[in-house]
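Novice: Sequence order for the protein chains is A and B. Everything in the first sequence is counted per my numbering, starting at 9 for the first residue and increasing by one. Everything in the second sequence is counted per my numbering, starting at 868 for the first residue and increasing by one.
In case anyone wonders, no lab produced these hints; they're calculated from the structure. Glycine included, each C-beta is placed from N, C-alpha and C at the ideal position. Heads up, some of the hints might be wrong.
Residues from chain A that keep clear of chain B, each with C-beta distances beyond 10 Å, as calculated [what the hints assert, rightly or not]: (1) Q18; (2) R24; (3) T50; (4) E58; (5) G59; (6) A61; (7) T89.
Label-pair restraints from in silico Cβ distances [unchecked claim]: (8) G959(B) x E54(A): 14 to 20 Å; (9) G1013(B) x E58(A): 37 to 43 Å; (10) W975(B) x G17(A): 23 to 29 Å; (11) D1044(B) x T50(A): 36 to 42 Å; (12) R947(B) x P86(A): 18 to 24 Å; (13) G1013(B) x T50(A): 37 to 43 Å; (14) A895(B) x G17(A): 26 to 32 Å; (15) G1013(B) x G17(A): 32 to 38 Å; (16) G17(A) x A1070(B): 41 to 47 Å.
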Amino acid sequence: MSIALAVVGQVEEAARAQGHDAVASVTLRVGELAGVVPNALTFCFELACEGTALAGAALATEHVPGRAHCPPCDHAWPTGTPPSLTCPRCGLAAAGLVSGRELEIARVSWSGATVPEEG
Amino acid sequence: MCRATDLRTAVLAKNDHGAQELRAELAARRTAMVNLLSSPGSGKTALLEAELTLARERGVPVAALTADLATENDATRLARSGAPVRQVLTAGLCHIETDMLRGHLDGWLPDATRLLFVENVGNLVCPASYDLGETLRVALASVTEGEDKPLKYPTAFGLAHLVVVTKDDLAAAAEFDRAAFLDHVRQVNPGVEVVFTSARRGAGVGQLLDRALAAADGEPVHTPVMAATAPADREPVR
Ligand SMILES: Nc1nc2c(ncn2[C@@H]2O[C@H](COP(=O)(O)OP(=O)(O)O)[C@@H](O)[C@H]2O)c(=O)[nH]1
Ligand SMILES: [Mg+2]
Ligand SMILES: [Zn+2]
């Protein structure tokens, strides 16, 4: 729920900053390993939007698969979930994730009356 | 007329920023925070009580914040150690955020505190997403919770600097398969150290305190794979 509230807060701030008063949709990029369940987020998002400039806004999520990388083998693989973070070629620990921890607001579509934007 | 804006902002940017600030402030005071994450009932409070008691016996200045949805029982238990203890009532919120924490620290945290333990809300999902400015993040699971806990909560265990098994005195009765548990930990967090403890028997309590003090002294903590970013390499060509 707090994640949904954080999304609403950030979008409201952007709306104020850019002179928009209504939001049609919000697109989130959610990594496979972000620790967020998209369905639960969608449910919470609706509640979190009530009474704000986001009331009635749709939530779209772009799924980002988890990928890990092993430098000695220069090999990257899909981690799946729960993730496998040891290299399938050499058995060493991955050096890190190439992707999968994203939890970002990618895009906002505005609707309704807008104050003209500059440039 | 519809218009779109590319925002590309991290949802938790505010919390992450606050956590970085708090981490720097604590470092300036030479205090290290230890964030304890587990399911309800794993034994966080019992282990923390043992850690606080041992730390005081050794003359190490420690303090603890304990979060709970509604009751102050944990704070009362922890205060028996004699260490400064404060309760964070989250009023139903399932995790602690940096802002909440900061409000409790200002004007309370004693100056010379070496280790500040934070007992997070009993929950392995949401708290894992919130950096609090901790130096050491510890994920705990008791032997009665099954060997696959790290696979069920890969974010919590995958982002931990240290994994602690609690209630090890019950391992035989629970038929806890230590090797399977270690395999599962290794799958989501290769290279992380696992400390076996029993608050009931005192096992592992000193080891955990030593690890926390080493981290407080600036010894590098483990870097979880999930917390490290690899360069966006070219897709394998084949
Ligand atoms: N046998 C045994 N029981 C424990 C141990 N640590 C905690 N417990 C019991 O587990 C229950 C939950 O412990 P508590 O510390 O409140 O868990 P928390 O919710 O994670 O803070 C209590 O009934 C404790 O007495 C231990 O090391 N051994
Ligand atoms: Mg407790
Ligand atoms: Zn490899």
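Novice: Against each hint, give a clear statement of whether it holds in the structure.
Specialist: Here is what the structure says about each hint:
no.	hint	result
1	Q18	violated (6 Å)
2	R24	holds (13 Å)
3	T50	holds (14 Å)
4	E58	holds (18 Å)
5	G59	holds (19 Å)
6	A61	holds (13 Å)
7	T89	violated (7 Å)
8	G959(B) x E54(A): 14 to 20 Å	holds (19 Å)
9	G1013(B) x E58(A): 37 to 43 Å	holds (39 Å)
10	W975(B) x G17(A): 23 to 29 Å	holds (27 Å)
11	D1044(B) x T50(A): 36 to 42 Å	holds (37 Å)
12	R947(B) x P86(A): 18 to 24 Å	violated (49 Å)
13	G1013(B) x T50(A): 37 to 43 Å	violated (29 Å)
14	A895(B) x G17(A): 26 to 32 Å	holds (29 Å)
15	G1013(B) x G17(A): 32 to 38 Å	holds (37 Å)
16	G17(A) x A1070(B): 41 to 47 Å	holds (45 Å)
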